[in-house]
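Visitor: I would like the entire structure built from these sequences, with the hints used as guidance.
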Amino acid sequence: MKNKRQFRKRDILYLLPMWLLSLILPDPLPHLKKEFRKRDLFYLVALLLLPLLRPDSHFNYIMILAGIYAILAVGLSLFLGYAGQISLGHGAFFGIGAYTTAILTTRCTFPTLAAFGASAVAAAIMAYLVGKPILKLKGYFLALATLGFGEIFLVVVKEWDGLTNGVIGIFDIPWFSMAGFTFDTYLKQYYLVWGVLTGLVLFSKNLVRSKMGRAFLAVASSEDAAASIGINVATLKLEVFVLSAVFAGFAGSLFSCIMSIANPEAFGLNLSTLIVMMVVLGGMGNLYGPVAGAIFLTWLTDMLGKYQEYSLPVYGVILILLLLFFPDGVGTRLGTRFVYLISYWPKKKRRDEVRS
Amino acid sequence: MTLLDVKEITKEYDGVRALDQVSLVVQKGTIKGLIGPNGAGKSTLFHLISGMERPSSGGISFDGMDLTTLETDAIAALGVGRTFQTIQTFGNMTVVENVMAGMHLRLKGGLLSCGLGLPWNRRAEKEALREAKEILEFLGLLGRWEWPSSQLSYAEQKMMELGRALAMKPRLLLLDEPGAGLTPQEMRLLEERILRLKERGMTFFLVEHHMAMVMGLADEIAVLHNGQLIAEGAPEAVKADSKVIEAYLPSGSSGKSNGERGCSK
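Chains as they are written, first to last, in this note's numbering: chain G, 1 to 356; chain B, 1 to 265.
Just so you know, these hints were derived from the structure itself, not from any lab.
Incorrect hints may have been included.
[To be verified] To give an idea of the chain G side of the interface with chain B (calculated C-beta under 7 angstroms), a few residues: (1) Ser210; (2) Met212; (3) Arg214; (4) Ala215; (5) Leu217; (6) Ala218; (7) Ser221; (8) Ser222; (9) Ala225; (10) Ala227; (11) Ile229; (12) Asn232; (13) Glu239.
[Claimed, not checked] Once the Cα atoms are required to be at most 30 angstroms apart in a straight line, the calculated DSS-like pairs of lysine-lysine come out as: (14) Lys239/B / Lys7/B; (15) Lys108/B / Lys138/G; (16) Lys169/B / Lys126/B; (17) Lys132/G / Lys108/B; (18) Lys136/G / Lys108/B.
[Unchecked claim] Restraint-style ranges between C-beta atoms, simulated for each label pair: (19) Pro133/G / Asp14/B: 25 to 33 angstroms; (20) Lys133/B / Lys132/G: 34 to 42 angstroms; (21) Pro133/G / Tyr13/B: 26 to 34 angstroms; (22) Arg123/B / Asp328/G: 27 to 35 angstroms.
Being a predicted model, the structure only gives us computed values, none of them experimental.
Even for Gly, the Cβ is constructed at its ideal location relative to N, Cα and C.
Guide: See below:
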């Protein structure tokens with residue numbers, strides 16, 4: 001009798017954190033589950049309430065930045081986490097998006113919404129032109145080629161004074177406005193950024209659960225086998241690359257509207273590696289992970305802001321530790337472990353009961 | 001009716017002749033076996049047919065279409081499915097997704113329509129899931145449809161790979177050593193399933209080391225030895241052919257001179 005009561009106490013102790021964890025941790029088999037689950041609802045409600053619960057402008061600013069990076073990370077997650085290709089030049093597509101918006105709104109007086117679309121188109125065209133030749137490369141070679149592209153973009157931006165105003169950058173980019181509504185406070189911008197992100201995550205979710213998602217994973221797993229079932233590997237890689245550049249273009253456009261400045265500092269190798277880290281941290285082959293990774297790393301960057309000089313070594317150490325202990329990402333690994341744990345736990349309980 | 005027609009195909013790797021003027025045909029609705037000692041060029045021939053490598057000379061036509069200039073995915077689109085000698089499954093997907101991946105060409109929709117989750121896309125997806133489960137049921141894997149595919153045993157992964165190829169609804173299925181690594185019981189099940197598929201009108205071309213299996217299954221057998229076709233015909237005739245016996249059981253000087261390693265299985 002006494003034994004049973006002890007078990008019940010422990011049950012409650014375990015159940016609460018486990019239930020909370022089940023809301024937060026990613027699904028172990030995310031490509032198949034179709035229903036809109038309670039976890040999605042939890043995320044959505046948390047997202048909507050977060051700025052209202054903590055009406056602190058610095059916190060909101062960090063969350064806006066995290067949202068923008070999350071858009072980038074979700075886009076790269078399709079390319080890196082699903083299709084298994086590496087890109088160290090995504091900062092450049094972010095930059096192309098930002099500069100397209102900056103130039104179109106300040107020089108040509110485009111409405112911001114039109115510039116928002118144009119940024120994505122510009123990034124897509126650039127990705128198509130760059131991706132066509134370099135996506136034949138694999139692994140380290142692809143990493144190097146994309147890295148080179150990112151650096152070339154940076155040099156072009158710095159030197160082309162007439163168009164980009166060189167290292168100084170373009171100022172006074174107007175707030176994002178839509179149908180007469182201007183997003184001029186942090187709170188409004190928070191909802192704008194996270195709204196766009198929600199839309200893009202839903203799009204990606206549909207995508208990875210369709211035949212295209214299976215094709216991405218197939219290419220990541222075995223290109224020979226993917227070709228043998230009729231997937232055109234080269235075209236598919238190019239499509240994913242362009243798609244992730246479109247995401248980066250959207251993010252860049254939002255960034256320049258919200259910061260109201262576009263200068264080359266923001267789009268360098270630092271950013272590109274940061275996005276890769278967000279994806280790796282959150283987990284390969286899942287979509288919520290990169291968002292969590294983006295929030296965590298943006299927050300960490302802010303914390304380490306005082307020690308700017310030391311931030312690079314800290315990132316380096318984090319990245320090495322991640323690749324050593326969580327090669328498929330913290331989120332994905334923890335999710336799998338968690339499933340083993342809950343399938344093990346009731347069995348253990350039953351075993352204990354039989355024993356006693 | 002001739003479905004696959006291989007004409008005087010030659011493949012050279014840096015001076016080594018893997019295949020030398022090999023010609024053979026596969027008739028529609030039959031099972032053709034391809035045997036030969038290790039290194040005879042069987043897998044090379046499969047790679048050439050499925051477009052993973054290009055022949056040095058000669059031609060391959062499938063239902064009147066020339067395959068030698070087409071890419072692998074275009075050949076798959078024509079209806080040539082294949083499995084691999086060393087299994088190439090998609091370990092990052094579940095079992096049923098592996099099979100559904102085989103339906104890539106039959107499912108419509110591109111990046112945009114899939115991403116927007118259009119209703120007809122969702123319906124097709126449901127239909128694909130149902131069909132994939134039917135295939136898994138046929139292969140005896142339905143109980144594991146939600147498993148991560150990397151958790152399956154070797155034999156089960158081989159079955160799943162076959163299921164992926166079946167999901168393409170191919171007109172010709174190339175099986176590269178389907179029986180390798182299976183227990184006798186699993187092999188009997190596989191034979192049974194291949195025969196049932198043949199009844200449904202599917203054409204097979206299979207490389208196999210296991211003699212009992214290939215003799216029982218095939219309507220016609222071709223024998224490769226050192227890149228050359230040395231015999232072709234009904235199983236009994238091939239079994240009795242003196243050249244084939246010579247190739248498998250090299251006796252005296254002839255065995256040493258061609259440096260043959262012999263049959264390993």
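Visitor: So, for every hint listed, does it hold in this structure?
Guide: Do the hints match the structure? See the list:
1. Ser210: 4 angstroms, holds
2. Met212: 5 angstroms, holds
3. Arg214: 4 angstroms, holds
4. Ala215: The hint holds - alanine 215/G has a Cβ within 7 angstroms of chain B, the shortest such distance being about 6 angstroms.
5. Leu217: 5 angstroms, holds
6. Ala218: With a closest approach of 5 angstroms, the alanine 218/G hint holds.
7. Ser221: 4 angstroms, holds
8. Ser222: Check passed: Cβ of serine 222/G comes within 5 angstroms of chain B, closer than 7 angstroms.
9. Ala225: Holds: closest Cβ of chain B sits about 4 angstroms from alanine 225/G, inside 7 angstroms.
10. Ala227: 4 angstroms, holds
11. Ile229: 5 angstroms, holds
12. Asn232: With Cβ-Cβ at 5 angstroms, under 7 angstroms, it holds.
13. Glu239: With a closest approach of 5 angstroms, the glutamate 239/G hint holds.
14. Lys239/B / Lys7/B: 24 angstroms, holds
15. Lys108/B / Lys138/G: 29 angstroms, holds
16. Lys169/B / Lys126/B: Within the cut-off at roughly 18 angstroms; holds.
17. Lys132/G / Lys108/B: 24 angstroms, holds
18. Lys136/G / Lys108/B: 26 angstroms, holds
19. Pro133/G / Asp14/B: 25 to 33 angstroms: Check passed, 28 angstroms falls within 25 to 33 angstroms.
20. Lys133/B / Lys132/G: 34 to 42 angstroms: For lysine 132/G against lysine 133/B, whose Cβ atoms are near 39 angstroms apart, the range 34 to 42 angstroms holds.
21. Pro133/G / Tyr13/B: 26 to 34 angstroms: Since proline 133/G and tyrosine 13/B have Cβ atoms about 28 angstroms apart, the given range 26 to 34 angstroms holds.
22. Arg123/B / Asp328/G: 27 to 35 angstroms: Given range 27 to 35 angstroms: holds, Cβ gap about 33 angstroms.
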